[in-house]
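Enquirer: Protein chains in written order, with my numbering: chain A, 1 to 261; chain V, 1 to 292; chain W, 1 to 336.
Keep in mind that a hint or two might mislead.
Going by beta-carbon spacing under 10 Å, a handful of chain A positions derived as facing chain W [to be verified]:
| id | residue |
| --- | --- |
| 1 | 39 |
| 2 | 99 |
| 3 | 103 |
| 4 | 162 |
| 5 | 169 |
| 6 | 170 |
| 7 | 181 |
| 8 | 241 |
Just a few of them, taken from the derived set where beta-carbon distance is under 7 Å, the chain W residues facing chain A [claimed, not checked]:
| id | residue |
| --- | --- |
| 9 | 88 |
| 10 | 99 |
| 11 | 103 |
| 12 | 255 |
| 13 | 269 |
| 14 | 273 |
The hints are simulated quantities; they were obtained by calculation from the structure and are not laboratory data. In this text, a Cβ means the ideal position worked out from N, Cα and C, and glycines have one as well.
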Amino acid sequence: MRRRPLLTALCALAYLFMLGPILLVVAVAFSGGDTIHFPPEGLSLKWFGKALSQHSFTSALGTSVLVATGATLLALLVGVPLALAVQRGRLPGRRVIEALCLSPIVVPELVVGLALYQQLMVGLRVTALGTLMIGHAVLLIPYAVRVTGASLAMADPMLEEAARGLGAGPVTAFFRVTLPVLAPGILSAGLLSFITSFNNVPLSLLLTGPGTTTLPVEMLHYVEFSFDPVVAAVSTLLLALTVAVAVVTERLIGFNKVFGR
Amino acid sequence: MSRRSAGLLLVPGIALLAFGFVFPVCAMLLAPPEGDAAGVAGRLGGMLTDGYVLSIALRTVRIGLITMLASLLLGFPVAYAISRAPARRAGVLLALSTFPLLLSTVVRTYSWLVILGRNGLLSGVLTGLGITAHPPQLLYTETAIVLGLVQLFTPLMILSCYGSLSQVDSRLEEAARGLGASSGRAFRLVVLPMALPGVAVGSTLVFAGAVTAFTTPMLLGGTRQRTLATLLYDYASVSLDWTSASAVAVFMTMIVLAVGVLTGRVGASRLGARRARKVPPATAGAAGEGAV
Amino acid sequence: MVNPVELDGVTREFGGVTAVQDLDLTVPEGKFTALLGPSGCGKTTTLRMIAGYLAPTRGRILLDGAEATRLPPERRNLGMVFQSYALFPHLTVAKNVAFGLRMRKAGREETRRRVGEALELVGLSHLAERRPRELSGGQQQRVALARAIVIRPSVLLLDEPLSNLDARLRVQMRQELLNVQRETGVTAVLVTHDQDEALELADLMVILRDGRLEQLGHPRDVFPAPASRFVAEFLGYENFLTVPGHGPVTIRPEYVRVLAAGEEPPGGTLLSGTAARVTYRGTDCLVAVRAGDQTVLGTTAAEIRPGDEVRVLLPGDRLIHLPENAPVPATAGDTR
Ligand SMILES: Nc1ncnc2c1ncn2[C@@H]1O[C@H](COP(=O)(O)OP(=O)(O)OP(=O)(O)O)[C@@H](O)[C@H]1O
Ligand SMILES: [Mg+2]
């Protein structure tokens with residue numbers, strides 16, 4: 001390939017802009033000072049200690065994991081059948097159903113959050129945890145339907161017929177052939193969904209109640225009122241976790257297969 | 001699969017969407033607590049003539065547009081470079097630009113506090129070099145919000161542009177050059193037109209994401225530089241004015257929908273309806289899209 | 001004797017389109033039957049109705065003499081080989097082949113033995129632990145065949161099984177397919193649009209046209225006696241002529257002799273005309289002759305150039321009379 005210095009420089013700038021600031025957070029997390037200061041004043045691990053011992057963070061982490069897990073499972077549980085019906089069902093009005101499945105993407109999440117807060121939490125007295133799970137699941141359905149649908153579209157529809165011809169009933173054919181063939185797609189959708197839910201702020205923002213706050217929302221509120229680097233430490237821990245997930249994903253399935261396209 | 005069993009498979013999903021999405025969103029507009037649909041419409045009408053709200057709406061749209069342009073300027077060259085790089089390097093570059101999308105927006109926005117804060121990197125550099133005497137006010141400005149949003153959304157733009165650039169066979173460019181086009185003209189006449197669908201999709205996603213973003217304007221704009229999203233939050237959780245919150249929600253949704261329809265139209269007329277329609281589902285699935 | 005498959009007035013419509021119309025067909029036991037016809041004539045539709053993936057709009061299907069029109073595919077005990085092979089990508093070759101046995105709850109020992117035998121039959125014993133995507137097209141095709149026959153189906157159904165292979169391999173696989181059928185004695189129904197494939201493999205050739213039966217019989221009976229211009233064209237006849245004293249006839253170019261000026265004609269019908277095009281073919285030349293308002297294709301060993309005045313000899317015993325526009329409703333011929 002020919003060298004293109006201008007292109008290379010532009011790319012370097014873009015990557016610096018996207019990734020550079022994140023590294024600064026890591027530096028601040030190891031700071032010994034009491035405020036966000038760059039360059040950091042001294043070196044210490046005290047903010048990590050504080051992050052891990054602060055109850056509001058640990059309990060928010062618990063809530064986030066619970067919500068992300070529940071919502072992901074719920075979204076897959078209803079989303080995979082949706083994708084199956086849309087792709088293989090020869091249903092009338094298939095486009096309308098597809099559009100409905102994807103519609104939660106179109107409405108701003110903050111707006112959905114507001115609606116859920118007013119109607120479910122205040123109106124129907126659903127608990128904060130329940131509303132969070134329902135809201136997140138709704139948000140994830142488009143991912144589940146789309147990613148599963150894509151791998152379904154790639155799979156040979158004759159596979160099910162072949163299984164039937166060999167003596168498998170419709171249910172057996174689904175569990176023995178269709179589901180295993182879709183498994184990588186479903187796994188991708190699940191991973192993507194979990195991360196999306198875990199990181200979500202705008203939808204969760206209005207749905208948190210006493211004792212039920214998600215980690216990103218808790219971090220946000222903390223930063224609003226206090227300027228010490230404890231959130232930098234939490235961020236660094238999350239970064240490490242995300243890198244770990246990325247590395248494991250790369251080893252098992254391929255990073256770009258799951259997250260890129 | 002018979003139609004009946006296909007219909008049965010739809011039931012749980014449709015039920016969840018109806019209960020968790022369609023019903024609350026519609027009900028919010030028709031009957032917000034302590035109000036009614038007419039109230040929301042009236043409040044919305046009032047806002048459209050209210051200088052304060054209008055200036056916030058204007059700022060929000062301005063931020064959205066600048067963010068969109070800036071992330072296009074940063075992201076397109078990267079997408080192009082990835083599409084022309086050898087497979088291995090392309091894989092690494094692609095992963096590097098996808099990775100930030102997996103990271104919480106709070107974490108990514110927090111990094112700008114480190115750069116722009118009172119004792120942050122930039123203020124240190126500026127005072128250290130004697131350019132300014134006192135730490136300058138960098139946070140809680142529109143620029144700060146734009147910087148944060150561009151960092152947030154450039155990966156999304158890269159992935160969208162890459163989606164259509166990767167479809168452009170590099171041999172097409174070579175063929176154009178073989179026919180006598182300079183590399184600049186080959187790019188303009190061959191690559192750019194074929195990349196347009198991805199650019200359109202990416203721009204729409206980024207604009208919509210920036211206009212509805214909450215975390216970044218909250219942390220980097222604060223109460224001084226409100227956007228529609230932070231205004232909505234204020235109404236909903238500080239002043240508990242549901243009617244106004246719903247009105248802002250409608251306002252925000254309308255802006256996003258209008259832009260979506262607009263780029264859809266432009267894309268369809270410019271590129272032939274078929275191609276434009278095919279692109280969004282394929283490229284709109286990036287990790288964490290819009291979840292800000 | 002009970003016939004493995006009988007179609008009785010079977011019709012299938014898709015919306016307004018009739019894909020198969022009023023088809024009566026009896027598939028003879030232990031024989032190779034080929035459904036032949038141009039694209040869109042309803043071959044796949046017929047096969048899928050036999051397999052149970054499609055229900056006929058009207059008519060009945062009998063399997064081994066028993067009513068099976070509405071029987072779901074998993075209860076028909078047929079072996080199907082798909083054009084795309086449809087191998088299960090998540091299973092090894094051995095597990096693909098074992099799938100049907102598992103569904104039949106065959107014992108572990110028996111499964112292992114029968115899978116081994118089937119793989120041996122198609123010559124793939126050494127690849128048992130591979131995944132389908134690690135196999136070549138020809139190997140995948142053999143796995144598909146092994147998977148279909150291992151369940152000892154009452155009928156083996158094959159939908160254009162060789163069409164994804166390159167030309168050489170296709171010819172080679174034809175023989176293997178025939179060997180497997182002869183060795184197992186299984187009744188086979190093959191769908192193809194390749195007349196060479198049908199001629200080589202079939203004991204009974206069934207020619208379809210627009211969803212209807214056009215002609216059927218053993219290739220040795222059908223090939224020399226096409227019942228209509230449609231069948232003749234499909235079997236590669238190229239001359240469609242009106243010959244004085246004979247009416248509409250067809251004849252293969254290799255039986256038409258083109259005589260140079262001065263060559264002595266043996267007995268037969270003679271037409272005279274001008275050589276329009278001469279194509280060298282190695283052993284002989286193919287000559288297109290303009291005779292009046294007809295063009296005749298024939299062969300010659302003599303030196304002929306375009307523009308030469310020539311005569312064309314049509315041996316009477318090679319002329320096949322074609323009924324004009326009225327396809328002869330064929331009845332089951334003998335299948336030797
Ligand atoms: N699912 C369907 N819906 C509507 N029309 C169909 C369907 N399946 C087949 N047809 C129509 O029925 C006719 C016969 O189709 P069929 O697939 O049986 O042809 P074929 O002989 O197998 O052709 P080919 O050699 O191209 O495979 C065609 O006109 C086709 O368009
Ligand atoms: Mg077919």
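Enquirer: Hint by hint, note whether the structure agrees.
Expert: Hints and how they fare:
1. 39: Status violated, d = 53 Å.
2. 99: 25 Å, violated
3. 103: Hint violated; residue 103 of chain A Cβ to chain W Cβ min 31 Å, cut 10 Å.
4. 162: Result: holds, 4 Å to nearest chain W Cβ.
5. 169: 5 Å, holds
6. 170: 8 Å, holds
7. 181: This hint holds: residue 181 of chain A lies near chain W, its Cβ roughly 6 Å from the closest one there, short of 10 Å.
8. 241: 30 Å, violated
9. 88: For residue 88 of chain W, the interface hint holds, since the closest Cβ of chain A sits about 6 Å away, which is under 7 Å.
10. 99: 5 Å, holds
11. 103: Holds, because the Cβ-Cβ distance from residue 103 of chain W to chain A comes to roughly 3 Å (cut-off 7 Å).
12. 255: 44 Å, violated
13. 269: 52 Å, violated
14. 273: It is violated, given that the least Cβ distance between residue 273 of chain W and chain A is near 53 Å, above 7 Å.
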